[in-house]
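J.: Each chain, written out:
Protein chains: 2
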Amino acid sequence: MTPSRADCLAIDSRDPLAGLRERFTLPADVIYLDGNSLGALPRATAGLIAKAISGDWGEGLIRSWNDAHWVDLPQRVGQKIARLIGARAADVIACDSTSVNLFKVLAAALFIQQDDAPGRKTIVSERGNFPTDLYVAEGVCDMLNATTGGYRLHLVDDKDGLAAALADQPAVLMLTHIDYRSGSMHDMAAITALAHRHGALVIWDLAHSAGAMPLELDRCGADFAVGCGYKYLNGGPGAPAFVFVAGRHQQRARQPLSGWFGHASPFRFESGYRAANGISRFLSGTPQVLGMLALDAGVDTLLGAEPLGGLAALRAKSLALGDLFITLANAGPARDVMKLITPKDPRQRGSQVSFLADSSRIDGYAVMQALIERKVIGDYRDPDLLRFGMAPAYLRYVDVFDAVAILNDTIASRSWEEERFALRAEVT
Amino acid sequence: MTPSRADCLAIDSRDPLAGLRERFTLPADVIYLDGNSLGALPRATAGLIAKAISGDWGEGLIRSWNDAHWVDLPQRVGQKIARLIGARAADVIACDSTSVNLFKVLAAALFIQQDDAPGRKTIVSERGNFPTDLYVAEGVCDMLNATTGGYRLHLVDDKDGLAAALADQPAVLMLTHIDYRSGSMHDMAAITALAHRHGALVIWDLAHSAGAMPLELDRCGADFAVGCGYKYLNGGPGAPAFVFVAGRHQQRARQPLSGWFGHASPFRFESGYRAANGISRFLSGTPQVLGMLALDAGVDTLLGAEPLGGLAALRAKSLALGDLFITLANAGPARDVMKLITPKDPRQRGSQVSFLADSSRIDGYAVMQALIERKVIGDYRDPDLLRFGMAPAYLRYVDVFDAVAILNDTIASRSWEEERFALRAEVT
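Residue numbers (the numbering used here), protein chains in the order written: chain A, 2 to 429; chain B, 2 to 429.
Treat the hints with caution; some may be incorrect.
Identical copies look the same in the list; a pair holds intra-copy or inter-copy alike.
Unchecked claim - Derived lysine-lysine pairs resembling BS3-like cross-links, with alpha carbons at most 30 Å apart:
hint: 1; residue 1: 81; residue 2: 340
hint: 2; residue 1: 52; residue 2: 376
hint: 3; residue 1: 81; residue 2: 52
hint: 4; residue 1: 340; residue 2: 160
hint: 5; residue 1: 345; residue 2: 160
Keep in mind that the hints were calculated from the coordinates and are not lab data.
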């Protein structure tokens, strides 16, 4: 029996995480199922940023680098993120973008392999990995190959391909923990162990997992990781990203974006580079203070869930919201025109549900536009993919009920056809 | 005859740029002579950021990438910066940090030379260049040398050294236009021409010049440039930086931080990298929206000076403020204990005046601390350097008068000795 709207309201009223939603500002008329692209606005952020601008910058001026502790924001925010990803406080730092940070850790991993196993020059990844990860890996190879060559990115299509590629003894395995399209999740512990057995270092991109579920980088033996500040960490558009480097690698790790904030003594203005001890050597230029403060507010908001059960409770809710979406979609006309591609097994599922539109029956892009027109915001990815994020920090069960009701109605009424007509008119 | 305080007030009352100061929020009790480290807060910034947070992020959510035009902020802000540095609108883009951007242009320049003149593998720079520039150049060489070697950073100490290094046919000359310590300025046109005669590509770091004076990158034939958003552009702490690439190089330029925003079609999610046309290929990851909006406000504030005479008027005022500082310091006890190291010749001077403290007579660090205690904010750089920035957008002649009066009084009264005592007490 599918849950009724009243059932959903009842579940919400018992939800131990319900209070967390109050720490966000959400538009009253919107059901937001795209927190996996851009997280919602924490209630604390606007005030903190206003104070930082008018007080710390406007009044404090240059003095605020010390007086307002801007100077160690990357370390302080990193230490908080460490609590969310199963890492030691000393092993995480917030800075730059995911793409730039991936460049750093790819180079660092390849430099380590160059010392330990000079023949290893291949980066293995999945063809379906988020494109920026693949593009950056190409850039790293391009630069390392400047004089002789041999570095390459090897893309695999599936698990068999992955196993075969690892058996060829690559230098690095670079994977995104949760697939941005399907929402399927890798077994971090098992894959890391397998890669290590083959002598590869492992880099995890946590873009779609950090903040949505408990992670255990240390327990899994991960070597490096990067992650995104603007999805489930709610750090705002283009928020700084983060880097994790396992303690065992830090003192030998070299990264080529060796800017002054990664120097052992940045304010001694020495002409030669000496890497800082520990994770700070993964910094590059001057930290982006405003973005870092917004990220800090986002992370604090999430850490506010710790007394309510923390990431384990968030994960349980995210899975329950996803199950509810799937159940309700299967009980209506959506069932006949959209195929679930997200694994149902919680051990293989991230924090979103994705459906492939049957393009012989519906126009997936037009359906998503029609939903957005009706204030249900998910997103569409070519070709034919409808993606709905289940951000457990601020989404209610009744939101999912209402969203799927509107989805089913949009399909039943074929109201999306008007949207398609409007869209086509725009193009021509 | 040295100007009196009344003279300075009279000059301020006639200053065509006086109104520009009203577009900034400055603390009432401070004389701020450190705009070369962190520019002051434009009056418009707080409101714009508040609206972006509460409205565009909080209400618009993911839709604001298009609806609030976040997606092309790097190009739009870059086009405005282009007007300040003598470049075509299509040749400048705002993104990342100065350090990260320098990595991109160094790699791009060396890749071009690899095609055109494969033997050229040396980057020439000055030992006194701002350290992050040197550190990043080391990182670039380190990575390019991964397999064979030959890339190196060659540092020179003076003009003779520079001429000799260029005669050795290096790949790249990388210079900061205005020295961060002495405030001395290179002749961009002459040095660029000299480097070109020797077949080197030229990268200019405009950290201490962009926004403080007219620049003519195109007329000088510069190949690449980077610059800082948080000094004279008033973009806020850790603001995004910018990149200039001469149009003639853009279509062949490759940069290895090849993130998705530099892709020809970022939202088609292709697995292989195809560089965007033009300057956009110098983007990497997702733009830092909050920082970019604050930078936009800072640049707009400066462009507001265009009807008042623009950069030429700002430059004239900056030089006049510097002359006034030097004259007044020379008329008091500062004369006997501090030696001007900034060139007096305006053709060789940036927008700051720097003095070397005579360490046998005063403790330069304690003097600067005593000045800051009395709300005159300059800065100190090891060893013995007192640095005073003349940000012409918001500094008044009377501010300089009062600052030097306090400086002379601090030295005459030896009040800095208490500061030194306090500092020593802190250390022990």
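J.: Please go over all the hints and tell whether each is borne out by the structure.
T.: Status of each hint after checking the structure:
1. 81 x 340: neither (38 Å within a copy, 47 Å between copies)
2. 52 x 376: Answer is between: at 21 Å across copies they meet the 30 Å cutoff, but 32 Å inside does not.
3. 81 x 52: both (21 Å within a copy, 28 Å between copies)
4. 340 x 160: Within one copy, since 22 Å is at most 30 Å while 70 Å is not.
5. 345 x 160: So residue 345 and residue 160 pass the 30 Å test inside one copy only (18 Å; across, 69 Å).
Of the numbered hints listed earlier, the single one contradicted by the structure is hint 1.
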